[in-house]
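Each protein sequence line maps, in turn, to chains W and C. What the first sequence shows, in the numbering used here, is residues 1 to 86, in sequence order. What the second sequence shows, in the numbering used here, is residues 101 to 183, in sequence order.
Keep in mind that a hint or two might mislead.
[As the list claims (entries may be wrong)] The calculated label-pair distances, taken between Cβ atoms and stated as ranges, are:
no. : chain 1 : residue 1 : chain 2 : residue 2 : range
1   : C       : R127      : W       : L42       : 19 to 29 Å
2   : W       : L53       : C       : T123      : 32 to 42 Å
3   : W       : I12       : C       : L116      : 14 to 24 Å
4   : C       : R127      : W       : T4        : 42 to 52 Å
5   : C       : F172      : W       : T55       : 34 to 44 Å
6   : W       : L53       : C       : L116      : 21 to 31 Å
7   : C       : L149      : W       : E3        : 19 to 29 Å
8   : W       : E83       : C       : L106      : 34 to 44 Å
9   : C       : E126      : W       : F58       : 26 to 36 Å
[To be verified] Quick look at which bits of chain C chain W covers, simulated, 3 or more residues with Cβ under 8 Å:
no. : stretch
10  : 108–118
11  : 122–135
12  : 147–161
[To be verified] A short, non-exhaustive set of chain W residues, derived as facing chain C with CB atoms under 7 Å:
no. : residue
13  : N7
14  : M14
15  : I15
16  : I21
17  : V30
18  : L37
19  : A44
20  : L47
21  : I51
22  : I59
23  : V63
24  : A77
Read the hints as simulated data drawn from the structure, not as lab findings. The beta-carbon is built from N, C-alpha and C at its ideal position, and this holds for glycine as well.
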Amino acid sequence: MAETILNLAVIIIMIAIGLGIYRLVRGPTVVDRVIALDLLTLIAIALITMIALVTSRFIYVDVALVYGLLSFLSVLAVARYLERGL
Amino acid sequence: MTMMTLLTLVLCIGILISALLATYLERRVAAVISAGLVGLFASVTYVILSAPDVAMTEAAIGSGITTVIFLFALSKTKEQPDE
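Here chain W stands alone, though its shape is the one from the complex:
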């Protein structure tokens, strides 16, 4: 039962990755691609946590923690570059 739910969650996360890549490819402006970067970073954090649950190795949660601490940096740098040029 729990394995079925985890497999379903992994399938939903794969669909979300596909939608984020669609926005990255189709996005007409740079701002759309920044939004796609932020979305895919958030999906990656959820996916790493899901892999830690599936494989029962909780050292992987530290990777998600580092990602969550550093994910704002690139989006902030791109936003500042688009406004004034870093």
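Place chain C on chain W using the hints.
Positioned in the frame of chain W, the structure of chain C alone reads:
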């Protein structure tokens, strides 16, 4: 276990699409964003391949610092005007 294989396939397709976009996009800022996404998908692939220390380093260096350094270099070179 076959679900992890399918997930690895999706992530490798994501790496391929991001690398092609980083090559073919016209705006340089969008190319830098796509090059950062290559590091992001590669980091998740390292986690699936059970190398969490490599994934942590890739998350810090490849996806965080490289984008900032590329944008800093782009702001120093002003040959094509931004929109």
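Status of the hints after comparison with the structure:
no.	hint	result
1	R127/C to L42/W: 19 to 29 Å	holds (23 Å)
2	L53/W to T123/C: 32 to 42 Å	holds (36 Å)
3	I12/W to L116/C: 14 to 24 Å	holds (22 Å)
4	R127/C to T4/W: 42 to 52 Å	holds (44 Å)
5	F172/C to T55/W: 34 to 44 Å	holds (38 Å)
6	L53/W to L116/C: 21 to 31 Å	holds (27 Å)
7	L149/C to E3/W: 19 to 29 Å	holds (21 Å)
8	E83/W to L106/C: 34 to 44 Å	holds (41 Å)
9	E126/C to F58/W: 26 to 36 Å	violated (44 Å)
10	108–118	holds (count 5)
11	122–135	holds (count 6)
12	147–161	holds (count 8)
13	N7	holds (5 Å)
14	M14	holds (5 Å)
15	I15	violated (10 Å)
16	I21	holds (6 Å)
17	V30	holds (5 Å)
18	L37	holds (5 Å)
19	A44	holds (5 Å)
20	L47	holds (6 Å)
21	I51	holds (6 Å)
22	I59	holds (5 Å)
23	V63	holds (5 Å)
24	A77	holds (5 Å)
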